[in-house]
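Sequential numbering of the sequence shown, starting at 1, is according to UniProt numbering.
Worth flagging that the hints you see were computed from the coordinates, not collected in a lab.
None of the hints are false.
Label pairs and their computed distance ranges (CB to CB):
| hint | residue 1 | residue 2 | range |
| --- | --- | --- | --- |
| 1 | Leu43 | Gly99 | 13 to 23 Å |
| 2 | Ser58 | Glu19 | 31 to 41 Å |
| 3 | Ser57 | Pro29 | 12 to 22 Å |
| 4 | Glu15 | Gly99 | 32 to 42 Å |
| 5 | Phe45 | Pro90 | 12 to 22 Å |
| 6 | Lys16 | Gly99 | 33 to 43 Å |
| 7 | Val77 | Thr39 | 19 to 29 Å |
| 8 | Glu101 | Phe75 | 26 to 36 Å |
| 9 | Glu15 | Asp92 | 34 to 44 Å |
List of simulated lysine-lysine pairs, DSS-like, C-alpha gap at most 30 Å:
| hint | residue 1 | residue 2 |
| --- | --- | --- |
| 10 | Lys67 | Lys97 |
| 11 | Lys13 | Lys69 |
| 12 | Lys44 | Lys67 |
Every value quoted in this text rests on a predicted model; they were computed, and no experiment measured them.
Even for Gly, the Cβ is constructed at its ideal location relative to N, Cα and C.
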Amino acid sequence: MSKTALYVRLEAKPEKAKEVEEFLKNALPLVLAESETITWYALKFTDTAFGIFDSFSSEDGRNSHLKGKVADALFAVADDLLAEQPVIIPVDLLASKIGAESEVAGAQSVNTKKYGLRFIDGL
1 MSKTALYVRL EAKPEKAKEV EEFLKNALPL VLAESETITW YALKFTDTAF GIFDSFSSED
61 GRNSHLKGKV ADALFAVADD LLAEQPVIIP VDLLASKIGA ESEVAGAQSV NTKKYGLRFI
121 DGL
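Take these sequences, add in the hints, and give me the full structure.
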């Protein structure tokens, strides 16, 4: 299960917001090819504020993702589409629920698994 994750903040140039939204939607097939990317979410907060949240089976999986096709594609268009460079924040997962499965980091219960999510002020 996932133990590590990434949160990526993206601020689109106002005139490029639709293109950022399309870029994120079109990135899904690239992520599907990554065996160690467990979950991947493209997020829209406001007209120009976007994000990506993804979780990985290991630290190696997270590092591979950061060197992979989605990251390459994002940085190739960042200057054109974004008001500022992407902010990439590595996070450790503390607890989650995905479908019928749930986990809590450090849990001793037979019915719970370990991992979690850490939130940072200012996100």
